[in-house]
Amino acid sequence: MTRNTSLSQAARRIGQALVVILLAYSFTFLIISVLPGDPISNMLLDPENGFTEEEIAPIIAHYGLDRPVLEQWWMAISRFALGDLGISLRSNRPVSSMLLEALPSTLLLAGSAMLVALLLALLIAYASQNLPRRWGQGVARVLPALSLSVPSFVIGLVLIQVFAFQLGLFRITQPNSLAATFFAALALGIPVSAQIAEVLIANLDHEAGQEYFAVAQARGLRRSQLFLRHQLRPSALPVVTMIALSIGELLGGSLITETIFGRKGVGSLVQSAVVTQDFPVLQSVVSLAAVVFVLVNLLADLLYPLLDPRLRRRDTAARDDTAERLA
Amino acid sequence: MSATTLSPPRPLAWIGAQPLAVLLAFAVLALVVSWSAAPSLFSSHDPFLGLTAQKLLPPSATNWFGTDHLGRDLYARVVQGTWSSVTSALIATLIGLAIGGLLGLASGFLGGWVDTVIGRLIDMLLAIPNFLLAVVIVSAFGFQTINVAVATGVASVAVFARLMRSEVMKTSTAVFVEASVLVGGRAAHVLLRHVLPNAYRSVVALAVLQFGTSILTIAGLAFLGYGDPPPAADWGLLVANGKDYPSSPWLVFAPATVIVVTVLAINRISRWIRHAA
Numbered sequence: 001m002t003r004n005t006s007l008s009q010a011a012r013r014i015g016q017a018l019v020v021i022l023l024a025y026s027f028t029f030l031i032i033s034v035l036p037g038d039p040i041s042n043m044l045l046d047p048e049n050g051f052t053e054e055e056i057a058p059i060i061a062h063y064g065l066d067r068p069v070l071e072q073w074w075m076a077i078s079r080f081a082l083g084d085l086g087i088s089l090r091s092n093r094p095v096s097s098m099l100l101e102a103l104p105s106t107l108l109l110a111g112s113a114m115l116v117a118l119l120l121a122l123l124i125a126y127a128s129q130n131l132p133r134r135w136g137q138g139v140a141r142v143l144p145a146l147s148l149s150v151p152s153f154v155i156g157l158v159l160i161q162v163f164a165f166q167l168g169l170f171r172i173t174q175p176n177s178l179a180a181t182f183f184a185a186l187a188l189g190i191p192v193s194a195q196i197a198e199v200l201i202a203n204l205d206h207e208a209g210q211e212y213f214a215v216a217q218a219r220g221l222r223r224s225q226l227f228l229r230h231q232l233r234p235s236a237l238p239v240v241t242m243i244a245l246s247i248g249e250l251l252g253g254s255l256i257t258e259t260i261f262g263r264k265g266v267g268s269l270v271q272s273a274v275v276t277q278d279f280p281v282l283q284s285v286v287s288l289a290a291v292v293f294v295l296v297n298l299l300a301d302l303l304y305p306l307l308d309p310r311l312r313r314r315d316t317a318a319r320d321d322t323a324e325r326l327a
Numbered sequence: 328m329s330a331t332t333l334s335p336p337r338p339l340a341w342i343g344a345q346p347l348a349v350l351l352a353f354a355v356l357a358l359v360v361s362w363s364a365a366p367s368l369f370s371s372h373d374p375f376l377g378l379t380a381q382k383l384l385p386p387s388a389t390n391w392f393g394t395d396h397l398g399r400d401l402y403a404r405v406v407q408g409t410w411s412s413v414t415s416a417l418i419a420t421l422i423g424l425a426i427g428g429l430l431g432l433a434s435g436f437l438g439g440w441v442d443t444v445i446g447r448l449i450d451m452l453l454a455i456p457n458f459l460l461a462v463v464i465v466s467a468f469g470f471q472t473i474n475v476a477v478a479t480g481v482a483s484v485a486v487f488a489r490l491m492r493s494e495v496m497k498t499s500t501a502v503f504v505e506a507s508v509l510v511g512g513r514a515a516h517v518l519l520r521h522v523l524p525n526a527y528r529s530v531v532a533l534a535v536l537q538f539g540t541s542i543l544t545i546a547g548l549a550f551l552g553y554g555d556p557p558p559a560a561d562w563g564l565l566v567a568n569g570k571d572y573p574s575s576p577w578l579v580f581a582p583a584t585v586i587v588v589t590v591l592a593i594n595r596i597s598r599w600i601r602h603a604a
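Chains as they are written, first to last, in the working numbering: chain E, 1 to 327; chain L, 328 to 604.
Hints are supplied without guarantee of correctness; some may be wrong.
Where chain E lies over chain L, by a calculated footprint (3+ residues, C-beta under 8 Å) [unchecked claim]:
id, segment
1, 454 to 463
2, 542 to 548
3, 553 to 566
4, 582 to 592
Only part of the chain L face toward chain E is listed, based on derived beta-carbon distances under 7 Å [unchecked claim]:
id, residue
5, Asp-450
6, Met-451
7, Ser-466
8, Ala-467
9, Lys-570
10, Pro-576
11, Val-579
No lab work stands behind these hints, which were simulated from the structure alone.
If you're wondering where the values come from, they're calculated on a predicted model, not measured in any experiment.
Each residue gets a CB set at the ideal place from its N, CA and C atoms; glycine is no exception.
Whenever a hint applies, use it, and build me the whole structure from the sequences.
Right, here's the structure in full:
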């Protein structure tokens, strides 16, 4: 019985995820290709861009720009579903191969940024519970709010100014060196770490107020054990939620970070696509970002029962209660 | 929550009872508003006039924030850029509040299939990374500060809709709302008299918080060059121009500090509204 309901629940979540992806593609299509009055043809026909008749005709045929909007939308979305991302208006190459080239660098950056963010958040959260109350904990608690008030490009510029120009730890002319990648990841990760830390601190505080925590304290457990077993472990779920939610931020933030640090990647691909009005590239990146976001969050949803035994219990009341507290 | 929520007998005493940080935050906000309302009152320098003999001067008594690569006074530029930086964030917040608020209200109050449809729309908006969504909107509609503001607003619709929905649903199940429905209160009456007044504090707190976030997003978009081109002086654009002169770090740090202090003040006020006002 339980097995069946959880299976059908999973099926429902997957169905919802597909609908959301479809909507995200259509919404982006609406913004890019419909509302401004077909920017692709506008751009192609602009004499300043120097396209010849022979170049324009196949592009118009490929995207069906002479057909009704609904038909264009259907063509676009069936291509997308089959993995065909279209052809760049500028380089005349398939968008998918451009993306594949750019992806490894961005994955490395975003992955390291997530790692940095987690470590920083853990550090701050630990400090918020275990440092001397007035100065240590106070500082640890103010830090996330403070770094959420700093624009991400400023964090990057400060890191470059201090560690590249003043201390000479890395060279801005070699953006792919280990040190430069580390500082780029730091710039991208700090805002994410602040968000995770805020959620984590709130949950640690909640756990510290529980009776079982007081009991564990009275049993004479060491600080570190108290922290790991009775504070951190029950707080794992909201952290997983935050990680899944911040995927979008990492993807969006890579635009600024890659520009500042001079890295080649998906972010800089978007930046040049924006400047050159290369709409197939934009459409693909944005809809793929939505796909990644939806899949990661779906995965997180399906992971919860594995992480938290309370969610595996049969009585749904307790389950709802836990789910509500996590939301 | 605190005694200060009761109608204060003396306004001065009430002000004195607020935390110092909140008063400071309001002072910062007042300064920023005055900068945008009357920039010429706050700086004797012409923000457009460049004196090449005085380019890249460090901060001093005459040039508080130093001068830029064309010899323009940076403080005057920052003050001049305040209006568009702040107004566009305000526009963005109002767009998010209006559209998101209505969506959330309809979703939470009507329930049923309306809730399902709007719920999927909100999921969709959440799934597209905010910054990317804003970038796409700006690139489709043109590089202008007003488009940047609209794009930022659209990107923030989902946050407002989600909060409004949960607030409305929370209040809709309260006993006094049930009672009002039972004694024959009409939907519009219940909504305006009971549901909205109870939702409004957290929504206002979110709007203020989102105002700060919008300043950051808009600064980011201006930094990438998606807003009005120079000689416009949006804060993000000033930082972008300054980053090309690493030996004159004040060109980055002065406008950056203004952004950070403004956003910090706004966030502090948002927290104050949520907890104490």
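Outcome of the hint check:
Only residues whose C-beta sits within less than 8 Å of a C-beta in chain E count toward coverage, and the segment 454 to 463 of chain L has 9 of them, enough to reach three; the restraint holds. Judged by the Cβ-Cβ criterion of 8 Å, the segment 542 to 548 of chain L is covered by chain E as claimed, because 3 of its residues qualify and three suffice. Judged by the Cβ-Cβ criterion of 8 Å, the segment 553 to 566 of chain L is covered by chain E as claimed, because 3 of its residues qualify and three suffice. Figure legend: the segment 582 to 592 of chain L, annotated as covered by chain E; annotation consistent (5 residues with Cβ-Cβ distances under 8 Å, at least 3 required).
Hint status for Asp-450/L: holds, given a least beta-carbon distance of 5 Å to chain E, under 7 Å. Below 7 Å, beta-carbon pairs count as interface contacts, and Met-451/L has one with chain E at about 4 Å; its hint therefore holds. Annotation: Ser-466/L was flagged as interfacial toward chain E, and the flag holds, the nearest CB pair being 4 Å apart, inside 7 Å. Proximity of Ala-467/L to chain E holds as hinted, the smallest CB-CB distance being about 5 Å (cut-off 7 Å).
A least Cβ separation of about 6 Å between Lys-570/L and chain E falls short of the 7 Å threshold, and the interface hint therefore holds. At about 6 Å, the closest approach between the beta carbon of Pro-576/L and any beta carbon in chain E falls short of 7 Å, and the interface hint on this residue holds. For the restraint placing Val-579/L at the interface with chain E, the shortest Cβ-Cβ distance is roughly 5 Å, inside the 7 Å limit, so the hint holds.
Consistency with the previously given hints is maintained throughout, with no hint failing.
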